[in-house]
Amino acid sequence: MVQYILECIAFQLVFLIIYDLFLKRETFFQWNRVYLISTYALSLFLPWVKIEALKISVPNAFKGYSEFLWSANDAAVTVTGAEDSIFQMPWEYVVLFGGMFIATFFFVYKLLQIQQLKQKGQVHYFKDFTQVIVANSSLAFSFFKSVFLGDKIVEEDYKNIVAHELVHIRQKHSYDLLFFELMRIVGWFNPLVYVYQNRISELHEFIADAQVAKTNKRAQYQLLLSQVFQTQKISFINQFFNHSLIKKRIVMLQKTESSRIWKLKYLTLVPVLAAMLFYSSCQEDVETPHAVTIIVGDIENLTQDEESEMFTKLIPLSERYGDWILYVKDDKSTIEFTKSEEGSGISGPDNTLINAKMNIISNVLDDNLSLFVSDKTRTNNVSLEGDDVPFAVVDEVPVFPGCENDSDPKSCFNKMIQRHISKNFKYPEEAQVKGIQGRVAVIFIISEDGTIQNIKSKGPDTLLENEVERIIKRLPKMTPGKHNGVTVNVPYSIPIMFKLQ
1 MVQYILECIA FQLVFLIIYD LFLKRETFFQ WNRVYLISTY ALSLFLPWVK
51 IEALKISVPN AFKGYSEFLW SANDAAVTVT GAEDSIFQMP WEYVVLFGGM
101 FIATFFFVYK LLQIQQLKQK GQVHYFKDFT QVIVANSSLA FSFFKSVFLG
151 DKIVEEDYKN IVAHELVHIR QKHSYDLLFF ELMRIVGWFN PLVYVYQNRI
201 SELHEFIADA QVAKTNKRAQ YQLLLSQVFQ TQKISFINQF FNHSLIKKRI
251 VMLQKTESSR IWKLKYLTLV PVLAAMLFYS SCQEDVETPH AVTIIVGDIE
301 NLTQDEESEM FTKLIPLSER YGDWILYVKD DKSTIEFTKS EEGSGISGPD
351 NTLINAKMNI ISNVLDDNLS LFVSDKTRTN NVSLEGDDVP FAVVDEVPVF
401 PGCENDSDPK SCFNKMIQRH ISKNFKYPEE AQVKGIQGRV AVIFIISEDG
451 TIQNIKSKGP DTLLENEVER IIKRLPKMTP GKHNGVTVNV PYSIPIMFKL
501 Q
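Numbering follows the UniProt record's numbering, with no gaps: position 464 of the sequence shown is 464.
These aren't lab readings, by the way, just hints derived from the structure by calculation. This list has only true hints and no planted wrong ones.
Derived BS3-like pairs: lysine-lysine, alpha-carbon spacing no greater than 30 Å straight-line: (1) K247 / K263; (2) K477 / K410; (3) K145 / K159; (4) K159 / K120; (5) K263 / K214; (6) K172 / K255; (7) K24 / K172; (8) K415 / K482.
Have a look at the derived ranges for each label pair, beta carbon to beta carbon: (9) Q3 / V94: 15 to 25 Å; (10) Q115 / R419: 54 to 64 Å; (11) Y4 / A274: 17 to 27 Å.
Think of the CB as a built atom: it goes at the ideal place given N, C-alpha and C, for glycine as much as any other residue.
Using the sequences and the hints, build the whole thing.
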């Protein structure tokens with residue numbers, strides 16, 4: 001969510017810079033109106049756009065070696081827990097919704113101000129609009145189809161003012177302002193929404209002034225603008241006498257109409273939009289700055305004793321997600337992979353991916369070889385467990401009770417594991433109160449006798465780790481896996497997501 005908000009604000013800033021530098025001083029008022037509304041809407045939409053053709057392609061080696069990833073099994077299991085009260089809501093949401101509540105309060109207050117003026121004023125109904133005369137006032141503004149005029153406005157100014165406000169009404173300017181007022185509620189923390197509303201408000205005045213000046217004496221109309229009148233501080237009404245805008249309106253009235261050739265300025269949007277689309281499409285792949293590279297090469301036929309010493313200086317180990325499994329095949333290849341959406345890969349502190357390089361300088365004589373690395377050892381040594389065969393490559397996967405006659409035992413095993421986790425899950429109450437959530441990575445072994453052994457987990461808090469280990473310990477005894485006709489230990493890993501609703 002934070003990333004989305006930052007991208008929206010960044011896009012809005014770029015659009016506003018283009019408007020202020022190239023378009024603001026031109027007399028293409030209707031074009032500018034469309035520009036402001038459409039670019040704000042685009043800024044909300046663009047971060048979600050992912051164009052496949054613009055995405056950075058994943059290396060072929062990654063696709064060919066997906067079984068080497070830590071979370072090689074099926075998708076993570078996501079378990080959720082409901083919070084008991086609003087007081088358990090993360091502080092970020094408390095601030096966000098608190099600000100929205102305050103902004104809504106002021107919005108309703110402004111509506112009540114307008115309604116109060118209408119109730120106290122003299123209401124006259126005309127074909128195109130409703131006129132409200134406000135006693136002891138020199139107000140002049142419109143809101144949707146209502147024109148509010150103070151009774152102190154002199155008669156000779158009345159015609160020009162009403163003509164000006166009717167332009168706002170006929171062109172539905174109140175809808176523009178109301179749109180940005182609602183955006184101010186949702187994005188009260190975003191300073192650029194206020195800038196957008198200011199730009200559209202002054203543009204409305206330019207549009208109305210230009211229309212009235214066509215049918216009235218321009219000099220007399222400028223004299224009217226230069227006078228001092230009372231204003232009403234309501235952000236989503238079209239005010240005739242806005243002191244901060246008077247000078248700009250007079251300058252714009254004196255400006256000659258812009259040449260049509262300058263409409264080409266709007267083409268600056270084309271490369272800008274292309275760049276934004278490229279960024280939003282590829283960022284998912286490039287947001288992880290470090291990729292893991294495992295190089296497999298220089299393979300020679302060595303003895304078993306020589307093989308036991310071939311792995312040294314692997315990588316600084318993960319402080320976040322604990323053990324991982326790498327299954328090495330006998331081939332000459334380079335394997336490159338990056339962190340996937342589910343967090344596959346070798347993870348380090350704060351979800352960052354660790355740079356890694358491993359040179360395998362011998363032939364792997366036993367194709368059952370698995371490598372286990374534990375962050376608890378805090379060393380770079382790798383232990384060789386020749387009797388363990390990872391779930392992704394074992395010939396016959398362990399059989400979960402109920403999957404004996406299934407045509408796809410591997411898929412059945414995964415489904416039953418996920419079902420078991422969901423059925424036995426209980427979100428720790430203390431974790432709910434503290435707002436603790438996140439991913440817990442768990443690895444365990446289905447041993448040669450079918451029992452669950454060597455359970456290890458790593459997550460954001462021991463409360464979640466303990467709950468995962470409790471669930472895994474409740475797994476039933478299974479029919480052990482086999483490889484090359486021999487019963488073997490089968491390591492199995494799965495990430496479990498804890499989320500608070």
